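Following the hints, position chains G and L against chain C.
What follows is the residue order along each chain.
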Amino acid sequence: MSDATEKWSDNQVALVDLIDRVIGGGVVITGDVVLGVAGVDLVYLGLRLVLAPAHEVEQSIALGRRSA
Amino acid sequence: MSVSDDSTSPLDQFAENTLNSLTGRVDADPESVERGLVQLVLTLVELLRQLMERQAVRRLDAGAMSPEETERVGLTLMLLEKRMAELRDYFGLTPEDLNLDLGPLGKLL
Amino acid sequence: MLLYAVVPADATAPEARGLAGQRLEMIRGMLAAVIVEECAERLSATGEDARSFAEIICDLATTTSMLPIRFPTMLPTRSAVLAELQANEAAWRRRLTELDGLSEVVIRVQWAEPDHESGPASNSSGTTYLLSRAAVIHRRESSVAEISELVRAWAREIKVLHSQQGVRIACLVANTDVPQLRDAVTSWQQARSDRQVAVSGPWPVFSFVVDQEVVST
Chain C
22 MSDATEKWSD
32 NQVALVDLID
42 RVIGGGVVIT
52 GDVVLGVAGV
62 DLVYLGLRLV
72 LAPAHEVEQS
82 IALGRRSA
Chain G
9 MSVSDDSTSP
19 LDQFAENTLN
29 SLTGRVDADP
39 ESVERGLVQL
49 VLTLVELLRQ
59 LMERQAVRRL
69 DAGAMSPEET
79 ERVGLTLMLL
89 EKRMAELRDY
99 FGLTPEDLNL
109 DLGPLGKLL
Chain L
10 MLLYAVVPAD
20 ATAPEARGLA
30 GQRLEMIRGM
40 LAAVIVEECA
50 ERLSATGEDA
60 RSFAEIICDL
70 ATTTSMLPIR
80 FPTMLPTRSA
90 VLAELQANEA
100 AWRRRLTELD
110 GLSEVVIRVQ
120 WAEPDHESGP
130 ASNSSGTTYL
140 LSRAAVIHRR
150 ESSVAEISEL
160 VRAWAREIKV
170 LHSQQGVRIA
180 CLVANTDVPQ
190 LRDAVTSWQQ
200 ARSDRQVAVS
210 GPWPVFSFVV
220 DQEVVST
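Protein chains in written order, with our numbering: chain C, 22 to 89; chain G, 9 to 117; chain L, 10 to 226.
If we strip away everything but chain C, and leave its shape as in the complex, we get (with noise of 0.2 Å):
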């Protein structure tokens, strides 16, 4: 859209929630998820692994093994 002091349209509304949702929602794979040795994810896998109740952890570092 052109005027940035514009509101914008529904429609873009409508599609930034729409991309907001493709990429913060949806089914979660944590397993060998192959997007490279990238800082934010490496870190993010750590943090839930340190903070998640150990049943969830053991979880985890199983299904780790598995797809290694």
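Keep in mind the hints are simulated off the structure, nothing from the lab.
From a predicted model like this one, the values you see are computed outputs, not experimental measurements.
Note that CB positions come from ideal geometry on N, CA and C, so glycine has one too.
There may be inaccurate statements among the hints.
Unchecked claim - One side only, chain L facing chain G, incomplete, derived with CB under 7 Å:
#	residue
1	GLY135
2	THR136
3	TYR138
4	LEU139
5	ARG142
6	ALA143
7	ILE146
8	GLN173
Showing chains G and L alone in chain C's frame:
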């Protein structure tokens, strides 16, 4: 990594910023690993800020703070928000960049 | 390969092409299957790609019940995909059945005054600041409460999404109920001139792929 120019619509820019913040990067160079770490740390600080703010508002609602306390807590939170904005600017991050999915932590809010 | 969605194992194979121009394929497990696209390289995920992905997902959703997979998710081999299926397909199949005939609708509420002051703080006192933050939090919370109540008749599940400005609420709704939900929200807004409301969707169920009740399997 795509390059944005003046003809990029606000929509595209928004989508790209959000995408970049979530997927972090395309390349795996040390700079972006560092950037990802900064991003994570600031996201956590922002989460804490929001938690504290929410807690303060609860106490305010409940009438559990004296005027002096209200002033002190309000000032602290105000300075914290200001400092967060400065840190974001310093590292070249937008508020959307601090919107990482924190999994179980995210449910604290 | 880029992963698109989880579908029932007996779903018909898609006819479409993916982002990278390759034909979409199905990798089938016993109970569920995953729709994938072979990609030579890792994607440089851009806004354009996300948009194309979203369009493909929305098209696919018209042909089969599905759980969209977060974008971008890539796995290196077929066997990696099969391993994920083995680990998760029972839960996925259950959820697919629960979500049959349901879609996601997102309600967005925004106020004219922004939630955050972007310039230097005009508030000179901590008290004024805290009061203004309290006002923002209160208006968000009361909107969430009001809308939750409003859509209760049609929304099986509700999820409050993160939002920089205002509030966003995702609702899980039967396709047939979407028009009524929209009407109810429109009426709600008309009674309130200080805010804007937008309803988008119906979409595939991005926010509801996991049963909220289940903490972990």
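Hint check results:
no.	hint	in the structure
1	GLY135	holds (3 Å)
2	THR136	holds (5 Å)
3	TYR138	holds (4 Å)
4	LEU139	holds (3 Å)
5	ARG142	holds (6 Å)
6	ALA143	holds (5 Å)
7	ILE146	holds (5 Å)
8	GLN173	holds (6 Å)
Every hint, counting from the list given before, is met by this structure.
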